[in-house]
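Peer 1: What follows is each chain in one-letter form.
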Amino acid sequence: MKQVEKVNSKLANTVSPFWNGVFHIIFILYSLACIIPLLLVIGVSFTDENTIVTLGYNFIPKVFSLEAYKWVFQSGDAILRAYGLSIVITIIGTLCSVAIIAMFAYVISRKDFRYRNTFSFIVFFTMIFNGGLVPWYMVYTNLLHINDTPAAYIIPALVNAWYVMIMRTFFQTNVPDSIIESAKIDGAGEFRTFVQIVLPLAKPGLATIALFQTLQFWNDWYLPLMLIENSKLYNLQYILYKTLTAIQYLAQASNVTGGTAQILAKLPSETARMAMCVLAIGPIILAYPFFQKYFVKGLTVGAVKG
Amino acid sequence: MATTSTDIKKVRNARKSIYKHGFLYELKKNKVLFIMMLPALVVLFINNYLPMAGVLIAFKNFKYHGRNLFENFAKSEWVGLENFEFFTSTPDAFIITRNTLLYNLAFIVLGLIISVFFAIILNEIRGKFISKFYQASMFLPYFMSWIVVSYLVFALLSEEQGFVNKSLLPALGFSADSLPAWYGDSSKWPFILTIVNLWKFTGYNCVVYVAAIAGIDQEFYEAATVDGASRFYQIRKITIPLLTPLMVILTLLAVGRVFYSDFGLFFSVTRNVGALYDTTLVIDTYVYNALRNMNDVGMASAAGLYQSFCGFILVLTSNLIVRKIDPEKALF
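First to last, the protein sequences are chains F and U. Residues 5 to 310, numbered by the numbering used here, are exactly what the first sequence covers, in order. Residues 11 to 342, numbered by the numbering used here, are exactly what the second sequence covers, in order.
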């Protein structure tokens, strides 16, 4: 019997059913390890606050409750504002960033542009040397003074050298010179050629960059940590960070009047912060199939030399 | 064929006449192209090139005099290498260098082994749909922000309510006073941080290797099967050797970045708890703490420049080696 199996698997050129089973088990365990921590947070967010205090965090709510979500939507003014801010910044940031990256990458992808190597190097050099945190921080807070403005969320993240390189490669391989040439002969200006002819050809590349940047803006908490002090300008990730280090922060973020201690007593603090966490991942989970497809594509494009 | 030398001259002259005009001529001719580059150039100037010039702050006793950086810079006095002497005389300098390098070493070695292993067995399992599902769930952690990851870790390890201390360990028979204080015991964090890092990035790193395996010519395997080689033998003798160049190159490129670490992992997942600094403080978090919590611009900029400088040298070196192996894969 075993002999037959061995022969069979050799003919099909696959591993034996035994090893196939072992590999499946490894993957099932690892996939669970990737998903389970998320289920814990979701479970906690739907549990009654008092149950958490006595029994601790658990996957399955012993006493089911929607209090945490109710609180977030009714009293968590600051949280909803932060949610809105995150959405607006993600949209504006991604659009601006993709436009800026695409324009630059297109120019340095043009073989008839004499200074393409010089300008490629200007971008590229930022990948191998950087001035470090202190001067960077000084430029924004002591020279441009954009700290504590919404621009602080966007400007520092607009251009990413790696994406410029990916986009340049994409233009070089997917937009034939002859098309640009013929558009020129037909009398189209440079910018019109770019918008009406080049960009439509580069849609898959643009989509990949856009997704990378959407994720960057949505998940960003580093820029507010560095540059935002005004609590009215916190985005969702940063409020989450604040609540992780000090649960009292939730009391400040609520619109219930009274002393901090009073509010804290009424507040489902343990479950509310987990509910916020779920709300922060929500959009990503919803867009996940879409995301994943383009990411895999983008990564394999990125593996090609920029 | 006596024409060659004059022909070459002609071509050369023609080429010269194309390029005889300077930068200003190009600027005028390709005005639109330059305008298209302008926004990105402005951002790069602000975000990257001004800070590069700003590394000189490390050689100054930087003091705030007003709201203008240039004025502050000019008014602050030069102190030469004093900031670096201060920095290297603290025990922190050794601790953060050691932590940064050791963590990165662990991430590189384990990350390589695990992602190649997963990529290979993913290729071997039968059932294309289910393998897509595995890949999707492995990729999931990559999409979460470090803050969300910190919540997941906290939900598991919190001393008051955490799942491990409240449910898992008691169920395994641990008594209440033998439960570990996760956020107070620095000796556990090298393991926690390594696991968290691998957990977050394995799915992502796996993708490149999966793509590389998919690109291997199937004829190798067919020929091997005809010769009676088992599948495991084929993995050892075909798949792994063909993946080796990619492994070497990705590893070298990662080695070029060993002086940098993921700020979110070391800052947010540890909740920046001081009791854990011994094993969790890395150069990036040290610079942040020195700048924002201790307001020590000198120390922070010295440590930052130390990182930038070592990083730069390492990138150049590793890229040089990559170029020797495979010029196609080199960064430059």
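In case anyone wonders, no lab produced these hints; they're calculated from the structure. Fair warning: there could be bad hints in the mix.
As the list claims (entries may be wrong) - Calculated Cβ distances over 12 Å to all of chain F for the following chain U residues:
#1 M46
#2 T98
#3 A116
#4 E232
Stated by the list, open to error - Sample of chain U residues at the chain F side, in silico, Cβ under 7 Å:
#5 P49
#6 P101
#7 A165
#8 R241
#9 A310
#10 S318
Claimed, not checked - Here are the simulated distance ranges between beta carbons:
#11 F:I251 - U:T327: 34 to 40 Å
#12 U:S188 - F:Q78: 31 to 37 Å
#13 F:I96 - U:F55: 17 to 23 Å
#14 F:Q200 - U:L66: 44 to 50 Å
#15 U:L112 - F:S182: 50 to 56 Å
#16 F:D181 - U:V52: 48 to 54 Å
#17 F:S235 - U:L66: 21 to 27 Å
#18 F:H149 - U:V258: 55 to 61 Å
By construction, the Cβ of each residue, glycine as well, lies at the ideal position given by its N, Cα and C atoms.
Peer 1: All hints, please: hold or fail.
Peer 2: Taking the hints in turn, this is what the structure says about them:
1. M46: Non-interface label on U:M46 violated, nearest chain F Cβ at 4 Å vs cutoff 12 Å.
2. T98: The claim stands: U:T98 keeps its Cβ more than 12 Å from every Cβ of chain F (closest is about 17 Å).
3. A116: Since the minimum Cβ distance to chain F is about 19 Å, U:A116 lies beyond 12 Å and the statement holds.
4. E232: violated (7 Å)
5. P49: holds (5 Å)
6. P101: For U:P101, the interface hint is violated, since the closest Cβ of chain F sits about 21 Å away, which is over 7 Å.
7. A165: holds (5 Å)
8. R241: This hint holds: U:R241 lies near chain F, its Cβ roughly 5 Å from the closest one there, short of 7 Å.
9. A310: holds (5 Å)
10. S318: holds (5 Å)
11. F:I251 - U:T327: 34 to 40 Å: For U:T327 against F:I251, whose Cβ atoms are near 47 Å apart, the range 34 to 40 Å is violated.
12. U:S188 - F:Q78: 31 to 37 Å: This hint is violated: roughly 42 Å between Cβ atoms.
13. F:I96 - U:F55: 17 to 23 Å: holds (21 Å)
14. F:Q200 - U:L66: 44 to 50 Å: holds (46 Å)
15. U:L112 - F:S182: 50 to 56 Å: holds (54 Å)
16. F:D181 - U:V52: 48 to 54 Å: The hint (48 to 54 Å, Cβ to Cβ) is violated, given that F:D181 and U:V52 are roughly 28 Å apart.
17. F:S235 - U:L66: 21 to 27 Å: Once the Cβ atoms are compared, 34 Å apart, the range 21 to 27 Å for U:L66 and F:S235 is violated.
18. F:H149 - U:V258: 55 to 61 Å: With a Cβ separation near 47 Å, F:H149 and U:V258 fall outside 55 to 61 Å, so the hint is violated.
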